[in-house]
Amino acid sequence: MNLGPLSRITPQAVPQEDVVITHEDVDRAHDRVRVSSARAQRGAFSKFRLLWLLVGPGILVMLGENDGPSMISYAATGARFGIGFFIPFVILTFCMAIVVQEMTMRLGSATHRGHAELIFDRFGPFWGWFSMIDLGIGNFLTLITEFIAIRAGLGFFGVPPWAAVGSALVFLSLAVIMHRYWTWERTLLAIAVFNLVFVPVALLTHPNWHSVGSALVTWKPLPGGLTQDTLIIVLADIGATVTPWMLFFQQSATVDKGLTRKDIHLGRIDTVVGAALAATAAVATIIATAPLFAHHMTAENFQGAEFAQALQPLIGRFGAALFAIGIVEAGMVASVTISISSAYAFGEVARRPHSLNLPVAQGKAFYSVLFLCAATAGAIVLIPGLPLVYVILLVNVVAVLAMPPALVFLFMLANDREVMGDLVSPRWANILATGVVVFLTLAGLLFGISVIAPNVFAFLGGK
Amino acid sequence: MPSKDKVDSAITSSDQKLVLSSLEPEQLAGLKKHPIPRRHLSGLEKFVMWSLRIYLLFMMVVVIYQVWASLH
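Quick note, the sequences are listed as chains A and B, same order. The first sequence begins at 193 in the numbering used here and counts up by one. The second sequence begins at 65 in the numbering used here and counts up by one.
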């Protein structure tokens with residue numbers, strides 16, 4: 193048996209004779225047998241099969257983060273500011289997401305422990321509860337916005353709000369009822385790929401490719417300079433790519449899938465492919481709504497489906513329907529991944545069984561948390577008069593603000609030689625991670641200054 | 065390693081062999097009930113963690129103020 197670095201610090205504490213083998217272990221073992229079989233064979237097909245077997249958490253976390261509020265933030269970005277500044281900016285934020293998420297994948301593969309579990313064990317309950325409160329509040333607020341997006345997207349097709357929320361809860365139930373991580377992951381991956389529906393929508397707007405290429409190469413300045421409004425959009429776009437739930441989800445999913453130290457290279461490919469797919473969808477959304485900016489249409493008050501309605505004269509009913517479907521898909525997939533990230537964290541902290549391989553009878557607490565979070569968030573969305581768009585933008589801003597403390601835990605764990613062994617972060621990864629923490633902290637501080645002393649922005653040349 | 069009598073009653077012996085041959089010991093769900101020892105935090109680490117905690121609390125107040133201001 194291949195012993196990981198944790199075996200050096202846990203042998204006295206773990207009487208292995210007391211360990212009970214469970215269905216969760218058996219299901220995971222079946223998955224690992226297929227991985228070992230693919231790894232033992234030679235040839236390009238076997239290598240591709242190995243990659244196919246191991247991808248999942250990285251793609252899901254990235255496409256999951258292209259969620260309802262994120263896509264609406266990207267749509268608002270394109271409609272209000274065009275493509276010049278934000279296309280390269282969004283690509284930069286996905287590069288940051290790769291740096292951060294790679295660490296969670298490496299941690300999960302090396303320790304076989306979830307993120308919440310590691311924080312509680314290594315830093316103690318005092319810091320652990322801080323982290324859990326951040327995650328719980330952030331996840332719950334984000335879940336509300338997922339249901340807002342689903343409601344808005346289905347509203348384009350005339351579906352009443354109660355039916356939209358109900359169908360999302362049914363979808364969530366169907367997604368996890370399989371009681372098998374592998375089946376759940378493949379099903380959700382197939383649905384998450386529909387995030388790329390924003391690409392044909394962008395093509396229907398007949399974008400000026402010269403302008404798109406020019407934006408990528410030259411990185412034009414922020415239109416209108418730095419103002420509080422533009423800063424909220426900037427923060428919302430950062431929050432659309434890096435958020436605390438992603439750290440908890442990818443690490444726990446990596447553990448649930450059963451990735452080991454041998455799989456880290458392909459886990460990195462999984463993360464990069466996920467980021468590339470998600471960045472493509474994000475850039476496509478900005479390009480898709482950029483005509484609204486070009487036609488000087490006021491987009492301040494648009495909601496999810498209203499972007500689709502606004503685009504209809506430009507791209508037709510079919511294109512607008514695709515846009516609305518994309519918003520619904522984004523909300524549906526993220527409502528599943530975010531609920532599961534909450535349930536994983538709860539199970540890890542409460543030391544209760546927490547796996548998508550669990551039958552309902554053995555995972556009552558895990559599945560109860562999952563459904564309770566989603567159902568409560570769905571019910572809140574049905575409250576009349578909720579300021580939906582503002583809630584969406586603010587949730588992404590809150591996600592950015594909560595990231596630096598979460599990243600410091602991640603940074604310290606990824607450099608913890610006792611749990612990581614020789615898989616501690618290399619120097620270049622630490623430099624990049626420190627850069628991400630500093631960048632996010634400064635972005636948050638800038639937002640704080642813009643609220644407390646807005647005149648400072650006028651001094652800096654903004655409005 | 066786990067003894068044969070310490071298995072879920074519905075798990076067959078072939079399942080048990082499969083688990084023991086294909087999973088790393090630390091991957092067994094039962095082992096995860098045992099916590100990993102706590103690490104020692106240096107003064108600098110505590111300072112950074114407290115600073116970012118205060119930063120987050122302060123920024124949450126700013127966000128709440130921003131919401132209040134926009135609603136009024």
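Mixed in with the good hints there might be a few duds.
To give an idea of the chain B side of the interface with chain A (calculated C-beta under 8 Å), a few residues [what the hints assert, rightly or not]: (1) 96; (2) 100; (3) 107; (4) 120.
Keep in mind the hints are simulated off the structure, nothing from the lab. Using N, Cα and C, we set each Cβ at its ideal position, and we do this for glycine too.
Now the hints, each set against the structure:
Evaluation of the residue 96 of chain B hint against chain A yields a held restraint, the C-beta minimum of about 7 Å falling below 8 Å. With its C-beta approaching chain A no nearer than about 4 Å, residue 100 of chain B sits inside the 8 Å limit, and its interface hint holds. Among the interface hints, the one on residue 107 of chain B is violated; its C-beta lies about 14 Å from the nearest C-beta in chain A, farther than the 8 Å criterion. This hint holds: residue 120 of chain B has a C-beta 5 Å from the nearest C-beta of chain A, less than the 8 Å allowed.
Hint compliance for this structure: hint 3 alone is broken.
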